[in-house]
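Enquirer: Using the sequences plus the hints, can you model the full thing?
4 protein chains.
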Amino acid sequence: MIIVMRADLAAESPDLDRVVALARTFPGVTTEVRRIQGATRSVTEVYLLGPTHVVPSTPFEEFESVEKVVRITQRYRFIGRHDAGLEAVGFEYNGVFLSQDTFHVLPGLCAVDTLEHVDRTFAALAALGIITARAGAYKPRSSPYDFQGLGKACLPWVFERAGRHGIKMIAMEVTHEDHIDEIRAALKDTGFATGVMLQVGTRNAQNFELLKAVGAQTELPVLFKRGMGITLEESLNACEYVASGGNRRIVFCLRGVKTHLGDPHRNFVDFAHVPVVKRQTRLPVCVDPSHSVGRRSAGPDGLLDIFHVTCQGVIAGANMVLVDIHPAPDEALCDGPQALRLEELSAFMEDVRIARAAYEARRARLTPR
Amino acid sequence: MIIVMRADLAAESPDLDRVVALARTFPGVTTEVRRIQGATRSVTEVYLLGPTHVVPSTPFEEFESVEKVVRITQRYRFIGRHDAGLEAVGFEYNGVFLSQDTFHVLPGLCAVDTLEHVDRTFAALAALGIITARAGAYKPRSSPYDFQGLGKACLPWVFERAGRHGIKMIAMEVTHEDHIDEIRAALKDTGFATGVMLQVGTRNAQNFELLKAVGAQTELPVLFKRGMGITLEESLNACEYVASGGNRRIVFCLRGVKTHLGDPHRNFVDFAHVPVVKRQTRLPVCVDPSHSVGRRSAGPDGLLDIFHVTCQGVIAGANMVLVDIHPAPDEALCDGPQALRLEELSAFMEDVRIARAAYEARRARLTPR
Amino acid sequence: MIIVMRADLAAESPDLDRVVALARTFPGVTTEVRRIQGATRSVTEVYLLGPTHVVPSTPFEEFESVEKVVRITQRYRFIGRHDAGLEAVGFEYNGVFLSQDTFHVLPGLCAVDTLEHVDRTFAALAALGIITARAGAYKPRSSPYDFQGLGKACLPWVFERAGRHGIKMIAMEVTHEDHIDEIRAALKDTGFATGVMLQVGTRNAQNFELLKAVGAQTELPVLFKRGMGITLEESLNACEYVASGGNRRIVFCLRGVKTHLGDPHRNFVDFAHVPVVKRQTRLPVCVDPSHSVGRRSAGPDGLLDIFHVTCQGVIAGANMVLVDIHPAPDEALCDGPQALRLEELSAFMEDVRIARAAYEARRARLTPR
Amino acid sequence: MIIVMRADLAAESPDLDRVVALARTFPGVTTEVRRIQGATRSVTEVYLLGPTHVVPSTPFEEFESVEKVVRITQRYRFIGRHDAGLEAVGFEYNGVFLSQDTFHVLPGLCAVDTLEHVDRTFAALAALGIITARAGAYKPRSSPYDFQGLGKACLPWVFERAGRHGIKMIAMEVTHEDHIDEIRAALKDTGFATGVMLQVGTRNAQNFELLKAVGAQTELPVLFKRGMGITLEESLNACEYVASGGNRRIVFCLRGVKTHLGDPHRNFVDFAHVPVVKRQTRLPVCVDPSHSVGRRSAGPDGLLDIFHVTCQGVIAGANMVLVDIHPAPDEALCDGPQALRLEELSAFMEDVRIARAAYEARRARLTPR
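The listed protein sequences correspond, in order, to chains H, G, S and D.
The numbering of the first sequence is this note's numbering, which starts it at 1 and goes up by one.
The numbering of the second sequence is this note's numbering, which starts it at 1 and goes up by one.
The numbering of the third sequence is this note's numbering, which starts it at 1 and goes up by one.
The numbering of the fourth sequence is this note's numbering, which starts it at 1 and goes up by one.
Don't take every hint at face value.
In silico lysine-lysine, DSS-like type, Cα no more than 30 Å apart, as pairs [unchecked claim]:
id, chain 1, residue 1, chain 2, residue 2
1, G, Lys188, G, Lys152
2, S, Lys212, S, Lys168
3, H, Lys212, H, Lys188
4, S, Lys188, S, Lys152
5, D, Lys168, D, Lys188
6, H, Lys168, H, Lys188
7, G, Lys212, S, Lys188
8, S, Lys188, S, Lys212
9, D, Lys212, H, Lys152
10, D, Lys212, H, Lys212
11, D, Lys168, D, Lys152
12, D, Lys188, D, Lys212
13, G, Lys168, G, Lys188
14, D, Lys168, H, Lys212
15, G, Lys168, G, Lys212
16, G, Lys188, S, Lys212
17, G, Lys212, G, Lys188
18, G, Lys152, S, Lys188
19, H, Lys152, H, Lys188
20, D, Lys152, D, Lys188
21, S, Lys152, S, Lys168
22, D, Lys168, D, Lys212
23, S, Lys152, G, Lys212
24, H, Lys152, H, Lys212
25, D, Lys188, H, Lys212
26, S, Lys212, G, Lys212
27, H, Lys168, H, Lys152
28, S, Lys212, S, Lys152
29, H, Lys188, D, Lys212
30, G, Lys152, G, Lys212
Partner residues aside, some chain H positions facing chain D, computed with beta carbon under 7 Å [as the list claims (entries may be wrong)]:
id, residue
31, Pro140
32, Ser142
33, Asn204
34, Gln206
35, Asn207
36, Gly229
37, Ile230
38, Glu240
39, Ser244
40, Glu331
Since the hints were made in silico from the structure, they are not lab data.
By construction, the Cβ of each residue, glycine as well, lies at the ideal position given by its N, Cα and C atoms.
Expert: Pasting the structure below:
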């Protein structure tokens, strides 16, 4: 059960205290107050946990400052919208605001290899005014004999260069809880030159211990990638592990699923699920066209399939795009064939801009003026 | 091996005769001349069939009127592009021109039920200037105890009403070769009030006898729907059955595939394959959002998933959209839950228009001016 | 609603007439009497069709000759067991008795090529006392440019040779209704030298027109192969088309399904569904190890995977085995890599015999003595 | 490159030292000697690691004590057979010998709940002479709100009771590296009352950090469960992570895969892969019928589907069976619907015995006497 308070409620509102006090009078019920600073206003929610099925709504609804009372089901307790009862207010991290209404592109190196490549990549982003990126230090690879990433050794110079080029947030995969500490330490050591969004990869989508670990800290937000062989519902259940741990700053990423029916693409592109995830959860939705398509083929119109599927995600309302880019794809130690070249980034961004404008035009038609 | 003649070659060109004559001097080689009237020009191709691997290209290339010589592989012999060697010139039927550059929407009744519903549906199309539609008379149903369609009985009044409302082409599923004859007879009986594109459904995607039957006639074009449990390559191979029979006026339709990974949608939306089919074949590509999504859920932005996935197909270059619409979805005898209401058609068309404009803007950026 | 009469009821039983007469007194109800000659006794069932939900059971249960009254649901109306309410009595064809208790192996040529190969194959069967075989004359192939089978031309000599070697029943795929007539004519012309079980292949599992055609005749039984990309329930619904047409002599064949998760086998072996089909329907169940496995690899124990999966089907109670065999697999025009060699047949039969004996031993333990 | 020494080579063999010394003369080549105590003899292998493609075979083959030299590929370097070049000698743990020739059944509680249930379960095993079991303390669950297992708290009494009933080895899932330490500590604290095989579950099949952790210790063997949404090859690659870490005492477990094509079973039973894994790797193969089938339905012959699929795995040569059993399935906190009842265990073991005898009879026919 969630008591949604009126927007922009003062933190010291006496009504808030009264709501909490009233809630605690019910046997076994505990409370958790969550304050979300959205783009245009702040939202305060009081979560009632425990045997809330016997708690009546009316006494709470009578408070002036209470907007509404939403009964939640166990399913997607923290990430869910509960039949459109809850808004998707979004969150802010290191100056970057993310919600179901915002839009960001995160280009970058799937696997960090050299300082020069990192620097050239961030410089290319900066030249286009992009302040969000991806960069892989810890790489889970199908075979133990493949390149496993540079690990924590590269963190200092990756973060330092990011800061130098004005990058505010880097999506970075972690595969072990120690990586979280290593990243936090390196961020601190570089004077918080940039920020990191912890990425949980598709192979770890049901590694519940890792999900608990990223959920147990609230310093860094989390990018959860859908499991490639499980249903959307199972992935959302797994994502709930992060939220139930306490960290609610989560973005859900679609990256294609595994089935032979998707050939010749590397994975079967699942971006038709963008509106589904936005409807069922409060989470901003990211799409990863690089890992979905996995190759550089172009249509007869000259546009790469990676461009096409990106636009498919964006025109349906995706809030983030994670895309592989590399100064020298042929030299990349991981997934080179699917990376865009630096000189293609500008065209990619322009293509994406058209799709985003189309989405906004579609949505605007519905809005009463 | 295909000899592509220069565009707008006169039908009585002496070079054409000479090319054919030369080709026939090679042992076992037969020829087939194919003339395609495209939107802006006509294309003439001479197919060399038989043991052409020993036929040299040079003698043909020396003709003034020969544009190029393309060696083809057995795979997708007639529908393929053969490594971009061949253009997708498209075709015309009953005043409707279809190619990889054109765009049409075909709204209509999944299953024809009453004259009134048919009339109201065609009238709604006419009001928006739409001249292409869908209408199902023969319905293949999973269970023998479900409604199987009105069959040939409804053809006269369906065609008559289509003609009255200016519909030029109706996509209509056939499940048996007799249906082709029945449709042709009914068209003739109604004075060719309208036109029909024969639709082969997903359940018959590998019903090779039916494919041969629709391929053996050239009066009516064919809409081939991808098989829902087979790879794209297998579906294209099946589609080649139609073309190898002699009928090259084919549109390939994506309609989602079956896998639990697509839940909660009825099928897994496969529109990321739009650029793939356009690259691998010369066929215009259609998308069917209704059978892919199968339900009326909307995103939190108020737009139906059916709208979203349609726009995903269109922004990637789809040439046709097949969409279920019904005056009273609750009374529909088949697939009612996925049908748009007549009063939603206008909003749908406007939504689609935005996506098509976005696709054209994307493509225009690539074209040198 | 089905009225099951006591076993071995005389055809002219007055009770049967009375049951039918009583049933017809209910408005809109029609009846169909079905008599099944099983191995040890005959079963008579009276099907009540129409609005039977208002028909009471009691008046029928009072007849001396009525064993029980089973209410059926629309799902699997004719092939279903209706919650174990109905027995699987089986059927006889040309001296071969098939039920959920019997066991037969049908080795043979996937595609008939030469008279010599056919003769040698049937001779090899005869040498081992086998009277059931497979032989393909009409071959549905993924590409139109692959060998499509010898068609009706080979029927006379295939049937003649079968008869010469004592083969009583050949499973033979049909892909068009004309093939049924061709086969019936050829059987007649050869003086019914052998018998044919009409096989509907996996690609035509939802070709409802073909299913209606094989269901509309009752001379020849039907072997229905599961669709490779649809659920078991959808395949059973399709199979019901055959039965609803009037032909109840049906065998259901498992042959693997398409998913990349089955690699390195050609299809994903689905023989765990043997007990499921036996529980849900009255149909004998066949397994096709050749098309499931699709290759000749052996385990380190020296036994081919084809042998292993066959035994997996048999130990779970399969009633028929369809297996590809060829005198010269390297020369086979279709699916040679998966065919056993003639000289392997004896070892295969011995292997199968062990598995069948194991199944019978498993079942015997349950039977009260 | 692997130098396989003659069987039963003395540990202090001078040839062994010479082989190692010779190997090390090649630049960059390191060696690792692996001695495997099999059932009937011991095998010694010298692994040459590094740039071995330039190392010749001949100098090694000239040693009296060298049986053969096997060139290996990177794929499945440690677990592979390398084109049948290597034997599957198996391993021993706590008095239990496991190889591709042995056979054990491991019944037990999917999730440990009470001491009484644990005790009754182990007692039931002991009564049938079974010395191997399963028991779940750490449970990865799809939702964070489901029962997550009793964790390390139950280890002391689980191990103590196991010892009391003569259980030698318990398969126990771990989801975090700390669990390994907790298990080892508890084993030590209970005076090694029993033994534990560390189980990596299907959701962690590509949790490479966990795989490295179980591979980095050699005290406890590992039961690796196939990933449910990835190909067999990907699962084997993941399994190689364990072996490459140093622990070669691994059993590979098939447990069904996720696809809607397997309905009504919980997962699609994949036991046709038993001979495939035995051919491609040196690992003993386990099957898990409980998680594959996931329900208690029986065939019309009265045998549960769980019994049927178990026999399917066993008749194809499976070396281990992991089966859920519970004294009171209705009270089970996890997966109760798929658990056998204690009183069914005897019938299950007898059923399995028939299938194993059938497998042995099948194999015996091939062996020259």
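Enquirer: All hints, please: hold or fail.
Expert: Results of checking the hints against the structure:
{"no.": "1", "hint": "G/Lys188 x G/Lys152", "in the structure": "holds, 14 Å"}
{"no.": "2", "hint": "S/Lys212 x S/Lys168", "in the structure": "holds, 25 Å"}
{"no.": "3", "hint": "H/Lys212 x H/Lys188", "in the structure": "holds, 23 Å"}
{"no.": "4", "hint": "S/Lys188 x S/Lys152", "in the structure": "holds, 14 Å"}
{"no.": "5", "hint": "D/Lys168 x D/Lys188", "in the structure": "holds, 14 Å"}
{"no.": "6", "hint": "H/Lys168 x H/Lys188", "in the structure": "holds, 14 Å"}
{"no.": "7", "hint": "G/Lys212 x S/Lys188", "in the structure": "holds, 29 Å"}
{"no.": "8", "hint": "S/Lys188 x S/Lys212", "in the structure": "holds, 23 Å"}
{"no.": "9", "hint": "D/Lys212 x H/Lys152", "in the structure": "holds, 18 Å"}
{"no.": "10", "hint": "D/Lys212 x H/Lys212", "in the structure": "holds, 20 Å"}
{"no.": "11", "hint": "D/Lys168 x D/Lys152", "in the structure": "holds, 19 Å"}
{"no.": "12", "hint": "D/Lys188 x D/Lys212", "in the structure": "holds, 23 Å"}
{"no.": "13", "hint": "G/Lys168 x G/Lys188", "in the structure": "holds, 14 Å"}
{"no.": "14", "hint": "D/Lys168 x H/Lys212", "in the structure": "violated, 33 Å"}
{"no.": "15", "hint": "G/Lys168 x G/Lys212", "in the structure": "holds, 25 Å"}
{"no.": "16", "hint": "G/Lys188 x S/Lys212", "in the structure": "holds, 29 Å"}
{"no.": "17", "hint": "G/Lys212 x G/Lys188", "in the structure": "holds, 23 Å"}
{"no.": "18", "hint": "G/Lys152 x S/Lys188", "in the structure": "violated, 35 Å"}
{"no.": "19", "hint": "H/Lys152 x H/Lys188", "in the structure": "holds, 14 Å"}
{"no.": "20", "hint": "D/Lys152 x D/Lys188", "in the structure": "holds, 14 Å"}
{"no.": "21", "hint": "S/Lys152 x S/Lys168", "in the structure": "holds, 19 Å"}
{"no.": "22", "hint": "D/Lys168 x D/Lys212", "in the structure": "holds, 25 Å"}
{"no.": "23", "hint": "S/Lys152 x G/Lys212", "in the structure": "holds, 18 Å"}
{"no.": "24", "hint": "H/Lys152 x H/Lys212", "in the structure": "holds, 21 Å"}
{"no.": "25", "hint": "D/Lys188 x H/Lys212", "in the structure": "holds, 29 Å"}
{"no.": "26", "hint": "S/Lys212 x G/Lys212", "in the structure": "holds, 20 Å"}
{"no.": "27", "hint": "H/Lys168 x H/Lys152", "in the structure": "holds, 19 Å"}
{"no.": "28", "hint": "S/Lys212 x S/Lys152", "in the structure": "holds, 21 Å"}
{"no.": "29", "hint": "H/Lys188 x D/Lys212", "in the structure": "holds, 29 Å"}
{"no.": "30", "hint": "G/Lys152 x G/Lys212", "in the structure": "holds, 21 Å"}
{"no.": "31", "hint": "Pro140", "in the structure": "holds, 5 Å"}
{"no.": "32", "hint": "Ser142", "in the structure": "holds, 5 Å"}
{"no.": "33", "hint": "Asn204", "in the structure": "holds, 6 Å"}
{"no.": "34", "hint": "Gln206", "in the structure": "holds, 4 Å"}
{"no.": "35", "hint": "Asn207", "in the structure": "holds, 5 Å"}
{"no.": "36", "hint": "Gly229", "in the structure": "holds, 1 Å"}
{"no.": "37", "hint": "Ile230", "in the structure": "holds, 6 Å"}
{"no.": "38", "hint": "Glu240", "in the structure": "holds, 6 Å"}
{"no.": "39", "hint": "Ser244", "in the structure": "holds, 4 Å"}
{"no.": "40", "hint": "Glu331", "in the structure": "violated, 21 Å"}
The structure does not agree with the numbered hints 14, 18 and 40 stated previously, though it agrees with the rest.
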